[in-house]
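A.B. asks: So you can see what is in the structure, the chains are spelled out below.
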Amino acid sequence: MLALLAALERGLPEAAAGAPRVGVTGAPGAGKSTLLDALVRQLRSRGETVGIAAVDPSSRLSGGALLGDRARLRASADDPGVFLRSMATRERLGGLADATWASVAVLAAVFDRVFVETVGVGQSEVEVAELADTLLFVAQPGAGDVLQFMKAGVLEHPDVFAVNKADLGPLAERTANELEAGLALGAGGSGGWRRPVLLVSARDGTGIDTLIDALDAHRAHLAASGELAARRLRGRIAFVVDSLQRRYGSYGLARAGGRDAVVARVRSRAGQGTFALIAEIGGEIEDALRKPEA
Amino acid sequence: MASPQRDRPWVFRTYSGHTSARASNELYRRNLAKGQTGLSVAFDLPTQTGYDSDHPLARGEVGKVGVPIGHLDDMDTLFEGIPLDRMNTSMTINATAPWLLALYVATAERHGVDPRQLEGTTQNDIIKEYLSRGTYAFPPGPSMRLISDMIAYSVDAIPKWNPVNICSYHLQEAGATPVQEIAYAMANAIAVLDAVRARGDLSREALPRVVGRISFFLNAGIRFVEELCKCRAMAELWDEITRERYGVEDPILRRFRYGVQVNSLGLTELQPENNIIRIVLEALGVTLSEKARCRALQLPAWNEALGLPRPWDQQWSLRIQQILAYETDLLEYRDLFDGSPVVAAKTAELKGAAREELDRVLALGGAVAAVENAYMKRRLVESHTARLRAIERGEIQVVGLNCFTESEPSALVEGAHTVLVVDESAEREQVERLRAFRARRNAAEVAAALRALRDAVAGGQNVMPPSIRAAHAGITTGEWAGVFRELYGEYRAPTGVAVGVGGASDERLARVRDAVRALSQTLGRPPKILIGKPGLDGHSNGAEQIAVRARDVGMEVVYEGIRLTPGEIVQSARDEGVHVVGLSILSGSHGVLVVDVLEGLRRAGLGALPVVVGGIIPEDDAAKLIESGVRRVYTPKDFDLNRIMGEIAQLVAEAGAPA
Numbered sequence: 001m002l003a004l005l006a007a008l009e010r011g012l013p014e015a016a017a018g019a020p021r022v023g024v025t026g027a028p029g030a031g032k033s034t035l036l037d038a039l040v041r042q043l044r045s046r047g048e049t050v051g052i053a054a055v056d057p058s059s060r061l062s063g064g065a066l067l068g069d070r071a072r073l074r075a076s077a078d079d080p081g082v083f084l085r086s087m088a089t090r091e092r093l094g095g096l097a098d099a100t101w102a103s104v105a106v107l108a109a110v111f112d113r114v115f116v117e118t119v120g121v122g123q124s125e126v127e128v129a130e131l132a133d134t135l136l137f138v139a140q141p142g143a144g145d146v147l148q149f150m151k152a153g154v155l156e157h158p159d160v161f162a163v164n165k166a167d168l169g170p171l172a173e174r175t176a177n178e179l180e181a182g183l184a185l186g187a188g189g190s191g192g193w194r195r196p197v198l199l200v201s202a203r204d205g206t207g208i209d210t211l212i213d214a215l216d217a218h219r220a221h222l223a224a225s226g227e228l229a230a231r232r233l234r235g236r237i238a239f240v241v242d243s244l245q246r247r248y249g250s251y252g253l254a255r256a257g258g259r260d261a262v263v264a265r266v267r268s269r270a271g272q273g274t275f276a277l278i279a280e281i282g283g284e285i286e287d288a289l290r291k292p293e294a
Numbered sequence: 001m002a003s004p005q006r007d008r009p010w011v012f013r014t015y016s017g018h019t020s021a022r023a024s025n026e027l028y029r030r031n032l033a034k035g036q037t038g039l040s041v042a043f044d045l046p047t048q049t050g051y052d053s054d055h056p057l058a059r060g061e062v063g064k065v066g067v068p069i070g071h072l073d074d075m076d077t078l079f080e081g082i083p084l085d086r087m088n089t090s091m092t093i094n095a096t097a098p099w100l101l102a103l104y105v106a107t108a109e110r111h112g113v114d115p116r117q118l119e120g121t122t123q124n125d126i127i128k129e130y131l132s133r134g135t136y137a138f139p140p141g142p143s144m145r146l147i148s149d150m151i152a153y154s155v156d157a158i159p160k161w162n163p164v165n166i167c168s169y170h171l172q173e174a175g176a177t178p179v180q181e182i183a184y185a186m187a188n189a190i191a192v193l194d195a196v197r198a199r200g201d202l203s204r205e206a207l208p209r210v211v212g213r214i215s216f217f218l219n220a221g222i223r224f225v226e227e228l229c230k231c232r233a234m235a236e237l238w239d240e241i242t243r244e245r246y247g248v249e250d251p252i253l254r255r256f257r258y259g260v261q262v263n264s265l266g267l268t269e270l271q272p273e274n275n276i277i278r279i280v281l282e283a284l285g286v287t288l289s290e291k292a293r294c295r296a297l298q299l300p301a302w303n304e305a306l307g308l309p310r311p312w313d314q315q316w317s318l319r320i321q322q323i324l325a326y327e328t329d330l331l332e333y334r335d336l337f338d339g340s341p342v343v344a345a346k347t348a349e350l351k352g353a354a355r356e357e358l359d360r361v362l363a364l365g366g367a368v369a370a371v372e373n374a375y376m377k378r379r380l381v382e383s384h385t386a387r388l389r390a391i392e393r394g395e396i397q398v399v400g401l402n403c404f405t406e407s408e409p410s411a412l413v414e415g416a417h418t419v420l421v422v423d424e425s426a427e428r429e430q431v432e433r434l435r436a437f438r439a440r441r442n443a444a445e446v447a448a449a450l451r452a453l454r455d456a457v458a459g460g461q462n463v464m465p466p467s468i469r470a471a472h473a474g475i476t477t478g479e480w481a482g483v484f485r486e487l488y489g490e491y492r493a494p495t496g497v498a499v500g501v502g503g504a505s506d507e508r509l510a511r512v513r514d515a516v517r518a519l520s521q522t523l524g525r526p527p528k529i530l531i532g533k534p535g536l537d538g539h540s541n542g543a544e545q546i547a548v549r550a551r552d553v554g555m556e557v558v559y560e561g562i563r564l565t566p567g568e569i570v571q572s573a574r575d576e577g578v579h580v581v582g583l584s585i586l587s588g589s590h591g592v593l594v595v596d597v598l599e600g601l602r603r604a605g606l607g608a609l610p611v612v613v614g615g616i617i618p619e620d621d622a623a624k625l626i627e628s629g630v631r632r633v634y635t636p637k638d639f640d641l642n643r644i645m646g647e648i649a650q651l652v653a654e655a656g657a658p659a
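So the protein sequences, as listed, match chains H and U. Counting from 1, one number per residue, gives the positions in the first sequence under my numbering. Counting from 1, one number per residue, gives the positions in the second sequence under my numbering.
Because the hints were derived from the structure by calculation, they are not lab data. Owing to the predicted nature of the structure, the values given are computational and were not obtained by experimental measurement. Ideal Cβ positions, reconstructed from N, Cα and C, are used throughout, including at glycine. A couple of the hints might just be wrong.
[As the list claims (entries may be wrong)] Listed next, the stretches of chain U that the computed footprint assigns to chain H, with coverage defined by at least 3 CB atoms under 8 Å from CB atoms of chain H:
no., segment
1, 518 to 528
2, 550 to 562
3, 575 to 586
Between the sequences and the hints, there should be enough to build the whole structure, so can you do that?
C.D. replies: Right under this line is the structure:
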């Protein structure tokens, strides 16, 4: 699997790295899929192709999962310019990052823009933030006050906030104000990026164009400030370390020289494919594990 | 012996219609001659969802579960020789209700009948379509506006018409408990009346009359004592709500008026002759108590779980009503249960619990909000899941299904044709008639009528007058709905399948889960199943139960929901990398649609992917499906979901990993 991904990675054109990756997160019921559907429609009408990885949680009890997004994403029907793959977190069998990271890498090679949709429940935001350039948080009107947002930990990572169902009027505006207030209080945002809170409605199409503009603006900001490379590096480091740790455990990671050594390795090998690098370090760990400890 | 004063019987109806307007007209006339006193029109799925018979999504569905009505000539043929000014017609129509009512009014006008004489009902309850039946087309906001338009229009222009029939029937079919059935029906009625009250163009004095035209459509299950109490509880609750919330002073306008179709959910495919007994008992639940007696009754046929009923099957059900009303002494007495402490206590208990649940829905923002955030749907899927589990475990006993299963061969199901088979040429002929009709029209008039309709819709005017004009001008069903689709888009209702794992301690479920876990090891990932409903049939209860159970045994489930073309299903199977495809079809169009999916999969290089099918599928058809490559066919007699899951896992194991 790793070898296959590494080979695929080698074949990717340089430009593939350029496809913007947008993480979409928010509480269940916030309308992420319907908003995504509206975004996809709009992007398709502009001629952009779109790849989507939609992640839903696996049941801890049964290991099964209900992947519900296809039912909501109607824009993808019979259109080769849109690809959707739904996947489960599979905590029991290896975790979110493995499959999602690989899928995003492949999708970014093929489509003009990539979305990764997850249910926002704390940890997944952190993980999506690691593999997306831009993190979009979708809130629904009446979702709570500033304190609720802060408690939920949703204010730290996202770069763009969208309050969906703006057609509900004053309630949506109040939620947007609460979010603005929360953002003004806390840390977050980076390198001079002022994180926008937008009112949108997937239902009647309000604000969809503005939202796309905001996503583009954030991406342009990242590129201009040099933050894009830094973000991707952070994500790459997190993925490589996590991936090795999951495969070989803390003990295996220690045999590779420990976390810091791996981080240094990732930093020094900017030109090398991520999967190739994991395969390489993994091979070394396997060799080391075969030898008695020095 | 002097015959005592008898109460007037309720209206006898039979839900029917198939093949074509001509064939259905002949059936109606025969039924009326047999003593039926009202009509209940079943429309086919393209008509219900607003597609012309030649639309790609209509393929395989034309004339299947009802009559195709594409334009004014079809409606005219449907009622040929039936005096509209003396008929009581119930139309099971929802998303496209304004249109079918417009066609009915235009037909009356064509024959010089004053619309003010028309009596009957358009079902026109969109909320239960989102929750259960699935034949919605537009989003909740615009749909509620259409309902409100019809009510505001008909209160003066068609004053004897019931413009909306609030349905708790389908909620029970979707698994609702009696308390849920009461609460959600009331929440639904409140949503409708609140929308009407908020209109600017309705006078204050008209509101009580509007309230007086709201009727209900209930279900009656086999627990007929509880059902009787349910009807009484609803009557009391409705009286309170209409007085308190809408200030209706006249008790006659506060009366709880309802029609009934008794339960189909409990009818069995095994020993189907027993169903006729179930139907009789269920009919008692809604007729015994004078105070809570239905206004109209339609009874299903004994063989519904086997396929589409034949005229004789429907006649047998009509005879039940006639014997009950004319032979027995039921109608000679006032209420039999007044003063019964048992009935009073049960009624009070149901009413109290329903009040609580109703308040919960209202606190969430009412029925429309509770559709959008899937609250009601989730509760229904939970109840349905609990019911099926109870049947699997034998806690609910169903004779012939999970107990007393030893049986002599049924004398009723011997011989080939125990169900109605719709002539396959019906669709082709309907399409030909539609195209000929289109060619006959005056193009300028059609364009002008469509423009006027679009302007009225966009401008917020009542859609009824321009719809009636459009009917006269020769607009088709697909064109009418197209105006709304263009302005509001197509809607997808939440599925409600995301409920937690319940009753996971089940030993048999655990065994299947172990098998799936072992299979996951072999495959390198959990088996992934695609579940979808091709065609226009919106009854998603079965597919949802399968989806939930598949998740509970450890599969990854891509639940696609309803109304998919075979092409979409093939695309999803490919993009999602699934190990097996499950298709659910209840409309009788399995022949065409399943074969289309199989062919599509083969063309996509996925010919080895196992496909299983579930639905109401006659035995002969099941054999044909297996022959054409389907691996398993499940019908209502297969109530053991764990066994189904075990077999699906086995199929995946045999097929191995997908390419």
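A.B. asks: Now look at each hint and say whether the structure bears it out.
C.D. replies: Results for each hint:
no.	hint	result
1	518 to 528	holds (count 3)
2	550 to 562	holds (count 12)
3	575 to 586	holds (count 3)
In this structure, none of the earlier numbered hints is contradicted; all agree with it.
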